[in-house]
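Q: Each chain, letter by letter, is given below.
Number of protein chains: 2
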Amino acid sequence: MAKRNAIYAQSGGVTAVINATACGVIETARKHRSRIGKVLAGRDGIIGVLTEDLIDTSRETPTAIRALRHTPAGAFGSCRYKLKGLEENRAQYERLIAVFKAHDVGYFFYNGGNDSADTAWKVSQIAEKLGYPLHCIGIPKTVDNDLVGTDNCPGFGSVAKYVATSMRETGYDVASMARTSTKVFVLEVMGRNAGWITAACGLAAEHAGDAPHILLFPEVAFDPEKFLARVETVVKQYGYCAIAASEGLKDANGRLMLESGLRDAFGHAQLGGVAPVIAGLVRKRFGYRCHWAVADYLQRSARHIASKTDVKQAYAVGKAAVEFALTGRNAVMPVIVRKSHRPYKWTIGVAELKDIANREKTLPRHFITDDGFYITAQCRRYLAPLIQGEDPPPYRNGLPVYVRLKNAGVKKKLHDEFKI
Amino acid sequence: MAKRNAIYAQSGGVTAVINATACGVIETARKHRSRIGKVLAGRDGIIGVLTEDLIDTSRETPTAIRALRHTPAGAFGSCRYKLKGLEENRAQYERLIAVFKAHDVGYFFYNGGNDSADTAWKVSQIAEKLGYPLHCIGIPKTVDNDLVGTDNCPGFGSVAKYVATSMRETGYDVASMARTSTKVFVLEVMGRNAGWITAACGLAAEHAGDAPHILLFPEVAFDPEKFLARVETVVKQYGYCAIAASEGLKDANGRLMLESGLRDAFGHAQLGGVAPVIAGLVRKRFGYRCHWAVADYLQRSARHIASKTDVKQAYAVGKAAVEFALTGRNAVMPVIVRKSHRPYKWTIGVAELKDIANREKTLPRHFITDDGFYITAQCRRYLAPLIQGEDPPPYRNGLPVYVRLKNAGVKKKLHDEFKI
Chain A
18 MAKRNAIYAQ SGGVTAVINA TACGVIETAR KHRSRIGKVL AGRDGIIGVL TEDLIDTSRE
78 TPTAIRALRH TPAGAFGSCR YKLKGLEENR AQYERLIAVF KAHDVGYFFY NGGNDSADTA
138 WKVSQIAEKL GYPLHCIGIP KTVDNDLVGT DNCPGFGSVA KYVATSMRET GYDVASMART
198 STKVFVLEVM GRNAGWITAA CGLAAEHAGD APHILLFPEV AFDPEKFLAR VETVVKQYGY
258 CAIAASEGLK DANGRLMLES GLRDAFGHAQ LGGVAPVIAG LVRKRFGYRC HWAVADYLQR
318 SARHIASKTD VKQAYAVGKA AVEFALTGRN AVMPVIVRKS HRPYKWTIGV AELKDIANRE
378 KTLPRHFITD DGFYITAQCR RYLAPLIQGE DPPPYRNGLP VYVRLKNAGV KKKLHDEFKI
Chain B
18 MAKRNAIYAQ SGGVTAVINA TACGVIETAR KHRSRIGKVL AGRDGIIGVL TEDLIDTSRE
78 TPTAIRALRH TPAGAFGSCR YKLKGLEENR AQYERLIAVF KAHDVGYFFY NGGNDSADTA
138 WKVSQIAEKL GYPLHCIGIP KTVDNDLVGT DNCPGFGSVA KYVATSMRET GYDVASMART
198 STKVFVLEVM GRNAGWITAA CGLAAEHAGD APHILLFPEV AFDPEKFLAR VETVVKQYGY
258 CAIAASEGLK DANGRLMLES GLRDAFGHAQ LGGVAPVIAG LVRKRFGYRC HWAVADYLQR
318 SARHIASKTD VKQAYAVGKA AVEFALTGRN AVMPVIVRKS HRPYKWTIGV AELKDIANRE
378 KTLPRHFITD DGFYITAQCR RYLAPLIQGE DPPPYRNGLP VYVRLKNAGV KKKLHDEFKI
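Line by line, the protein sequences are chains A and B.
Counting in this note's numbering, the first sequence runs from 18 upward without gaps.
Counting in this note's numbering, the second sequence runs from 18 upward without gaps.
Check each hint, because a few of them may be wrong.
[To be verified] Over the 12 angstroms line for every Cβ pair with chain B, so calculated as not near, a few chain A residues:
1) Glu-104
2) Ser-183
3) Trp-363
4) Thr-379
5) Pro-417
[What the hints assert, rightly or not] Straight line, CA to CA, 20 angstroms or less: simulated EDC-like cross-link-like pairs of lysine to aspartate or glutamate:
6) Lys-325/A / Asp-408/B
7) Lys-423/A / Glu-223/B
8) Lys-423/B / Glu-223/A
9) Lys-301/A / Glu-276/B
These are calculated hints, taken from the structure and not from any lab test.
A virtual CB, placed ideally from N, CA and C, is assigned to each residue, including glycine.
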């Protein structure tokens, strides 16, 4: 089999460990120089591939590539750019193949969520139709943990560890001042449709009364009266109430709570934030002093408190993607298969891209307590292993040291410019 | 000198390391059992002392007390309760002395900010007037770093490390997606009147173009046009703009930006948040996609990423407070004295409580660049040592292990109830 180049691209929202996957891809490819030439990367993801704006990762030292393992965010840039259907926009797919051809690319590694699995699958189809030999491998990544076909998604475990830690720490804080100060605290976390991150906040509580006391999942329609009654009960019982709320919390009509109407002084709608809306409800009803936090990007970039399990799995799926390609597989994705809960054992399996594409795994009902406000023991058993272990980055001058790659461009070979 | 008991109380907003100070007080007192009997603690701070709701710390094991060193928030509870002037409310002060007398208390350690220094000072005065023998020692604590008489305040270094780390991590995140996604990110941090925490965000940037690009200090009146012009320049130059904003940001009229008018759909004012207001301005002017985060209590409880320097200093001031008392000092506070910047050398000094009481140290003008949007090299030199070193807590099941004390109550000896 002739030696051919590879293209790796990052897609969608970045995570604390997507670069660990890039590290796994590149280090593994470098071990197979007889089969894989250069690993090129799309600058800003698939947009870089479409516009032939490619990065030559062979210009990076082994030390720099190794440092990707402990560097958050997307080292080559990522984008939210969903390719349309094959019939609607065949030109985009043909362009990808033209770029692959121009750079003698025989391997395409696309690192993202369910959209990306869909794209990677379509790319594999068009390549086949056009008779272009290509090994097209999707690699899972998403903080939302919403991919089907894999037990969990690289990226999620680290967010889970971050939010559970933050919830525990703020719980101690609020508890210690609740008598005269803040009685209700709301932490807003990510997960527009899937409540996995919200659920992970629940790991902070080990004993009755520990924070958080209420979890507001996007899967459970928000019932203000039921919620307020619960808040009151908790405050009476424990003196304070700590709440984790999903940014995707919806009311009974399916309307996002964050769209429920923050406006500026002129009546212009403001970018929401569920936490202030929830805190506002509580304050209005009970007059309790409330505080709220919106973790936003802090949660998905918090490499300093990444889960070691997550880092290992992120690396492993990158490594496996290259190994799959080298054994001739196509249109597949390496996935994480759980062998046992305690002790936690996992291995890498394989899933067909077409089975993953565009599907979404939300929190199953039996992971949520009957009242809709908490996680069940089953959910806890599932989540617990994913946050295990610490893998701190190196520190210099008191701060984590993250790598910035050279990201040297590859000379363009195509003469036409492609508009995206 | 007869053996007498001590009372320790935590005051005001808690921090990631105030319990390290408590650890320093209790461990040091335990080394001088011939002079100091029990260390009692006010439950929920001074309120516990006034109401004779005291905790017997001698019931805690050495292991539990040691664990305070790595446990955030206030282990005995804290409160925001400022005693009035001596003339206005002499009864409160006399009550304190009555409680001290009832429990044979000869040492009072009050751990807080400038309000608490004021209270401790007044307590020392009234004790003297009443002829009650008392060693009254203030111990510095505040995330705001706004106490005079000390080079820095225990509690600040850890928040500084947290916000600088978060700023660096989110900077990597935003940079990697800015081409097609969020171009402007705003992190709101604490510090209502003093911009020290905002300044610390600037430590994240080591090279030109690194996040953060703009710092919005409470000491600098917010000028929307100047700010928006800077945002535009930064986005054009670097592709994105990361901003740290103090919760205490004010406009030219001294009005808090967070009061500038978030309202719900019914026109009711909502608890602010400066970050959404700033993000809203940027979005309205330029249409850039913006994200914002409000760190709130996460920043001051983040013991998992505490500064080792901060933990050491927090312990040292607790230890010194006891040693001061044992050498007969009264109405003083142990403070941190900087001996040199690089290498950073510090020692414990002593300040008179009356010189610290009710004063506030804001960011000096020469620590802020001429344009008002950044920190100077001098400021960086001051801040840098305070975030040095890591001191991670122990972890179990993937989460930091923090101690909860028994907090056994002391039998009341006074018969009258004191209303606060």
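Q: A separate judgement is required for each hint: does it hold in the structure or not?
A: To see whether the hints hold, each was checked on the structure:
| no. | hint | verdict |
| --- | --- | --- |
| 1 | Glu-104 | holds, 24 angstroms |
| 2 | Ser-183 | violated, 5 angstroms |
| 3 | Trp-363 | holds, 15 angstroms |
| 4 | Thr-379 | holds, 23 angstroms |
| 5 | Pro-417 | violated, 6 angstroms |
| 6 | Lys-325/A / Asp-408/B | holds, 18 angstroms |
| 7 | Lys-423/A / Glu-223/B | holds, 17 angstroms |
| 8 | Lys-423/B / Glu-223/A | holds, 17 angstroms |
| 9 | Lys-301/A / Glu-276/B | holds, 17 angstroms |
In the structure shown, a violation is registered for the earlier hints numbered 2 and 5, in ascending order.
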